[in-house]
Amino acid sequence: MIVNIIFGLVIVLTVGGAIVTVTSQNLARAVFALLFTFLGVTGLYFLMQADFIAMVQLMVYIGGITILLLFGVMLTQKAHKLKVGFSAVNPNTGAIISMGVFVGLVMLILNVDEWYDLEFVNLNSTISKIGENLLGQWVLPFEVASILLLMALVGAATLARRREK
Amino acid sequence: MIEFIFDLFKPAEFPIISRILFAVLTFAFIGGFVIVAVWLERKVAAHMQDRLGPMRVGFHGILQTIADTVKLIIKEDIIPSAADKVLFITAPFLVFMGAFLSFLAIPVSEEFTPSDLNGGLFYILAVSSIVIPGLVMAGWGSNNKWSLFGAMRSAAQMVSYEIPIVLSLLVVVMAASSLNLSEIVGAQKVGLGGFSGIAGWFFIRNPFLFVAFWVYIIAGTAENNRTPFDLPEAESELVAGFHTEYSGMRFAFFFLAEYAAMLVMALVVAICFMGGWLPIIGTESAIPGFVWLLGKAMSIVLLQMWFRWTFPRLRVDQLMTISWKVLLPITFVLVLGQGVWSIWIG
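Protein chains in written order, with my numbering: chain A, 1 to 165; chain B, 1 to 346.
It should be emphasised that the hints constitute simulated quantities derived from the structure, not laboratory data. Don't be surprised by glycine CBs; every beta carbon is placed ideally from N, CA and C. Fair warning: there could be bad hints in the mix.
[Said to hold, decoys possible] Restraint ranges, calculated between C-beta atoms of paired labels, are given here:
hint: 1; chain 1: A; residue 1: L47; chain 2: B; residue 2: E183; range: 42 to 52 Å
hint: 2; chain 1: B; residue 1: I17; chain 2: A; residue 2: E143; range: 42 to 52 Å
hint: 3; chain 1: B; residue 1: I17; chain 2: A; residue 2: L47; range: 18 to 28 Å
hint: 4; chain 1: A; residue 1: I130; chain 2: B; residue 2: S109; range: 25 to 35 Å
Between the sequences and the hints, there should be enough to build the whole structure, so can you do that?
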């Protein structure tokens, strides 16, 4: 009962934020609305007892991506006067692709044989299991991903540095 | 009747009411702490400058902050006509939420933790990142150059100092081999050579943890935008930074959030480095655990106040140099050293 109410609130936050993000003509407001969508998705993860993913969502999307977008908006010249229009580019292709994605997702949901009930999946410690898997069975992909991120970091620092002599 | 009131706090019997009660009590506790802390800060400042500070309202001015709070509540709520009203109104609550949610994972004593999360430490770090977009929202919504500059400075500063914070706490996580805050405290019960009490506390367990303790205190002070790292609200340059346009209750919420964040940082230091609810000598004591925890946290709060009235404000480039060129390399060495220490010495 209480879970359903919370679920409803989280859905309102997520979908409402997404709608404002798409329809807002003010660039800064769109970014802040996206922040609430991210918060809603975090709530969804918490409701599904995926605590680790929820915290990563907070850390990466709210602490990282939103800030990056905000800096992008603020470093844009005259961002507050910029009006984001609704002029559609390639409406037919867009409609076909989004309908296709929607139908595909619905098909996927309808084809699931067995739904797990949260009452029975008692994940006591997701974090230690994720840690063991990352440094056990999947250590090679994990390390490759770290090297990729390190390369991106060094690359970004080099690009940012080039201008000053 | 009294039994019924106690029953209201049991989540098993009143799942909704008990949780609302906990939230309200936490809010009341933060409010009480802020009232005491603001008075304390003014007193500490006054005595360090050889003044008396507030003296008139109550004994040694102890009721001064309550009078100030009443004034803030009944003040006119002004919203600038050029401001983006939706953002302007939402921002203070978002900023306060970041600090308020952290209290969910704080283990108050051995018997009681509001929510004993397995990734409690990670949760606190993740939740406090909500503050940054909140500050930028306040700065942008105010439609004021000073506010915007303050907000951008604070965003850049907090993003930079998050990295030394995470890495210095990683040293603690490696020493305790757990992200659970109760288990981190539990790991500090017995130290090297089987001594309990203060010998078990992490900040004197080995040289790496000792340095990590100071790195966390420096980076945590910067994360809370407190002097000497208060560039986002530097009075002499930016009027009051991101909250220049705020007044009345909305301004009070920024104030609450700032002091609540300070308390969270002090509580994290007390839990991760100073043994949480554990007493100074032995493992048992007549004084209850939450008194120990609060006492340790208050000593860190006093240390931050001492910083504020001792050090001059840094320049922006010095601020960034400290984070990226001093603290970051130090924490890399600490993580490596703690790994070696954990494997060979224990």
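Each hint, compared with the structure:
Between A/L47 and B/E183 the Cβ separation comes to about 25 Å, which falls outside the hinted range of 42 to 52 Å. Remark: the range hint 42 to 52 Å for B/I17 to A/E143 is upheld by a beta-carbon distance near 49 Å. Between B/I17 and A/L47 the beta carbon distance is about 20 Å. The supplied range of 18 to 28 Å therefore holds. Distance hint check for A/I130 and B/S109: the Cβ-Cβ separation is about 29 Å, which falls inside the suggested range of 25 to 35 Å.
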